[in-house]
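In order, the protein sequence lines correspond to chains A and B. At position 49 of the first sequence the residue is numbered 49 (this note's numbering), and the sequence of numbers has no breaks. At position 30 of the second sequence the residue is numbered 30 (this note's numbering), and the sequence of numbers has no breaks.
It is possible that some hints are incorrect.
Partial pick of chain A residues on the chain B-facing surface, computed with a CB cut under 7 Å [said to hold, decoys possible]:
| id | residue |
| --- | --- |
| 1 | A88 |
| 2 | L89 |
| 3 | L90 |
| 4 | L100 |
| 5 | H109 |
| 6 | I179 |
| 7 | S180 |
| 8 | K183 |
| 9 | V185 |
| 10 | A210 |
What the hints contain is simulated information worked out from the structure, not anything from laboratory work. Computed from a prediction, not measured in an experiment: that's the story for all the values here. A virtual CB, placed ideally from N, CA and C, is assigned to each residue, including glycine.
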Amino acid sequence: MIVLSVEARVKLRELLEELTETLRKASDPFKIDIRYFIGELEKILPELTDEDLIVDAEILEQIAEVIKEQEEWVKGRSSLLVLGPFIALLKISTLSKQELAKELANAMHPIIELEQITWTDVLRALNYLSLRKRFVLEEVQGQETKIITGRELEELGLIAKIDLRKVVEEVEEEIAKKISKNKLVDYSEIIADDEPLKRFFKAYAISYLATMGRISIFYNPLKEKYFIVKAPQNGEYQSIVISLEATANAC
Amino acid sequence: MPARIPSAKIRKAARILLYRSRGKPGVKGWELRKFLGENFVEVVKALNDSLENFGITIKIVDENGKFLSFDEDKTALRKALFVPVLKEAPTLQELKTSGWRIDDIAILAVSLLYLLSRNSRAPRKQLLEVLHSKFGKWRVGYVVEKLIKLGYLEEDNDDIVVGWRSRIEIDFKKLLGIKTE
């Protein structure tokens, strides 16, 4: 009889710990299996001593707490489902612009962003500028300078043998085809290519099309993805930077 | 007793979370882990405690826009987005000072209220009709496009849906005037 009571006591403690841990982790009260906990308690109950009944009561109190949370959740959801649409439409039709703006302001918790340049960005900018100097043709005294031709640049490997116009046309066609089906297309899907150089040119083509106002790009931080959409008829231009390395990793 | 977090780490977390470019708010959990180490949750939690004094809090949002707590499972936290937001709602005057126009805030309010009354989604044409009836045709199209660009609204085929930024920034129950507590 004593052995059974010890086992029951251990089981009871385990149940309490399990319930407390589940309660701590679960944000949705319906994720807690109440039936399981009550079933387990029912099995242990005949073996418990008076002393153990305190732990038993503690578990029951926790379970009651979960049921209370579930009740509040149902109450909240039902009021939102039934009253929500009605209140929303009522507010739209009765409140003035000023009042509507005030209602929104009261419910708003804007994201904090400090739009200042970091030291890393300053260094990156300096690095970029110093790299550009390499391409400045310095006039060396005693030597004749001349203008370098496109073919010579190709031979030096400074520019690639690629028909940019064709790349732009192909990319635009592919985007148009995909947008006509889904209204939006994943940026990484369009630039996907095994060759990094081709990927770069496709990204360049997208950038060109966006600058010309033929397409628009937006970022969804929850999905961590850039999407291409049809260019809006009006709106304002905003420059965005897309890391090719990051999008390549996402592919 | 929780482990003491070095202040240098808290400052680093503040730099990562607060210095952002406009188009890309928030930092993913896996990025924070990369910069702050395995105990990134504790570091961000300590930063959150410090930021409380300035009326700033860090919200954790999963892929579906659901808010998570610091005690959530670490795998879920690694995938989640950590975003610093104002703990208290700003006044209308403060919003105006930060560059908002009253008309634009009202257009966003009506758009969100209308979408919430329609299960978070409505055809673009219908939403624009509602907005035109309330605000006239001037600027509505421009403001809706701007709100889409900022992430307050999103396009889904011919529909407009509640955007990711609204899910993070706006307390919908408060906007509707429904509170469970």
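Against the structure, the hints:
{"no.": "1", "hint": "A88", "in the structure": "4 Å, holds"}
{"no.": "2", "hint": "L89", "in the structure": "5 Å, holds"}
{"no.": "3", "hint": "L90", "in the structure": "9 Å, violated"}
{"no.": "4", "hint": "L100", "in the structure": "4 Å, holds"}
{"no.": "5", "hint": "H109", "in the structure": "4 Å, holds"}
{"no.": "6", "hint": "I179", "in the structure": "11 Å, violated"}
{"no.": "7", "hint": "S180", "in the structure": "11 Å, violated"}
{"no.": "8", "hint": "K183", "in the structure": "5 Å, holds"}
{"no.": "9", "hint": "V185", "in the structure": "12 Å, violated"}
{"no.": "10", "hint": "A210", "in the structure": "12 Å, violated"}
Of the numbered hints stated above, those contradicted by the structure are hints 3, 6, 7, 9, 10, listed in ascending order.
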